[in-house]
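A.B. asks: The sequence shown begins at 1 in our numbering and counts up one residue at a time.
Quick caveat, the hints were computed from the structure, so don't treat them as lab data. Careful, some of the hints might be misleading.
Said to hold, decoys possible - Pairwise CB distance ranges, derived in the manner of DEER restraints:
id: 1; residue 1: P265; residue 2: A182; range: 57 to 63 angstroms
id: 2; residue 1: E351; residue 2: T329; range: 29 to 35 angstroms
id: 3; residue 1: T126; residue 2: A62; range: 24 to 30 angstroms
id: 4; residue 1: P440; residue 2: P415; range: 39 to 45 angstroms
id: 5; residue 1: D408; residue 2: A277; range: 44 to 50 angstroms
id: 6; residue 1: G274; residue 2: E512; range: 46 to 52 angstroms
id: 7; residue 1: P441; residue 2: D408; range: 21 to 27 angstroms
id: 8; residue 1: A120; residue 2: T21; range: 47 to 53 angstroms
id: 9; residue 1: W33; residue 2: N103; range: 30 to 36 angstroms
id: 10; residue 1: P123; residue 2: Q160; range: 20 to 26 angstroms
Note that the Cβ used here is the ideal one computed from N, Cα and C, for glycine as well.
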Amino acid sequence: MARRQWSIAGQLFALQAVVVTLLVLAGAGGAVWLARSDARQAAEDEVLAVAQTVAGSPDVHAALTAADPTAVLQPYAESTRMATGTDFVVVMAPNRTRYSHPNPALIGQPFIGDIGPALAGEPFTTTNVGTLGESVRAVVPVYDDEHRIVGLVSVGITTQAINRKLLAQVPVLLAAAAPALALAATGSWLLSRRLRRQTHGLGPRQMTRMYEYYDAVLHSVREGLLVLTRDRRVALVNDEGRRLLGLTEDTAVTDRPVAGIDLPPAVAELLDSGRDAHDEPILAGDRVLVANQRATRFEGTVLGTVLTLRDQTELRNLASELDSVRALTEALQAQTHESANRLHTVLTLVELGRTDEAVRLATRDLALAQQLTDRVVGAVTEPALAALLLGKSAQAGERGVDLLIEPDCRLDGSPLPTTDLLTVVGNLVDNALEAVAGTPPPRRVRVFVGTADDEIVVRVGDTGPGLAPDRVEDAFRRGWSTKSAGRGLGLALVGQVVHRHGGTSDVARTAEGETVFTVRLPVGAEGG
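Produce the entire structure from the sequences given, and follow the hints as far as they go.
C.D. replies: Now the structure itself:
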């Protein structure tokens, strides 16, 4: 069975419990040490005061000069000892001979311990081992009327007695330490409980593994990821997200509000709204992105918003080229069916002997088709663009629209990428065909592609209703559309190409009632 790993909260609680216990024990030990030191100092002060009092007593002075000092000093010393709570009061001669002692058998024997400083006239305290064991004692000289030392007084308290007094204070110290320990333990438990709730009971190895895996995954996926908190602040943006949104590595975005970050307008609007989005195409600089956004929840609580982005720019360009090829193919198929019908008609006229009418019918349609092909191919040497214009011409014919290639249209090669040129021409023509759809005749679209003043000029006019002046900028820059939701990227894509090559675009209304879209792209410009 696998070993159960301790959670981070459990480990923290155990560590805090050990540390707090050690701190409390250390504090209690320090308090005991201080109390012991204070008790010893108090004992030294007490024995010194008692010894000085006894040494200054007139009865002691008189007894020391009497014939039998012990007879007076022993009762006096014992009464003093009992009154002061000391362990011994010894009065002695300068030669150490005891005149009093708690043990009468020791009277007359020499005093054990240092008396040198007292014989020199200096009262002092010391710790020595005597007949009663180790004790804290004071030795004080006794002077006669002529200030001669006639005796010594030693008063002591045994170390054992001091320790007994100290032990009596231990319950007080424990009573003070126990609440502190209980309070610290309670605080540690509450903190560990909160941490366990925030980490969901995970252990350090699990947290490390989760962070390493999640960080590796989030920064290696091909989708851009941007996570917001509930208060609309950026919690995370991965490497692909930075690339798609044009954010450099030096740009600080984490823990900043969305409004304070320089994001593309469409992305900022989507993030600010907080609404759900599913495969919604948006524009970010010169990129077409597909956005998915939804709120994130955990146990019913909204944590924030997650936005994922996929780059569809290259796919859009390929789709544009594919649409051109498909349009050309459909046009060729339609022409094939139409040619077959005309061929049967011509053969039937020949069989009926009406040869002149058959020749006129065949040469008229052939001349018109060949005239259009010759004009386009002769004017535009870029094969893909020529194919696009032929396909759009056939597509326009099927819709009942006259697509006219202006006579002065001329483009000998293109210094610009073919995909960009197809994007501009194809989307402008598509927009014009959409504009004239459903309008009363005549429905006409004019196309011009050429060079002028070191610029490639693309001009497409139509007889549709046109755009209001206040909608022109929106149409090019923000993907605005009068069509159904999810469409309207055509002119926005044109605007991207114009911006990337440093060109210009404008919309004008002619006196004849045509709406003319004009795009100018510098020949020497490099794609951004």
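A.B. asks: Each hint should be assessed against the structure and marked as holding or not.
C.D. replies: Tested hints:
For the pair P265 and A182, the supplied restraint of 57 to 63 angstroms holds, since their beta-carbon distance comes to about 60 angstroms. At about 33 angstroms, the beta-carbon gap between E351 and T329 stays in the expected band of 29 to 35 angstroms. Look at T126 against A62: about 28 angstroms separates their beta carbons, and that is inside 24 to 30 angstroms. A hinted range of 39 to 45 angstroms for the beta carbons of P440 and P415 is consistent with their spacing of about 41 angstroms.
For D408 and A277, the Cβ-Cβ distance of about 46 angstroms falls inside the hinted range of 44 to 50 angstroms, so the restraint holds. At about 48 angstroms, the CB distance of G274 to E512 agrees with the hint of 46 to 52 angstroms. The supplied range of 21 to 27 angstroms is met by P441 and D408, whose beta-carbon atoms lie about 26 angstroms from each other. Against the hinted window of 47 to 53 angstroms, the Cβ-Cβ separation of A120 and T21 comes to about 52 angstroms, which satisfies the hint.
For the pair W33 and N103, the supplied restraint of 30 to 36 angstroms holds, since their beta-carbon distance comes to about 33 angstroms. At about 24 angstroms, the CB distance of P123 to Q160 agrees with the hint of 20 to 26 angstroms.
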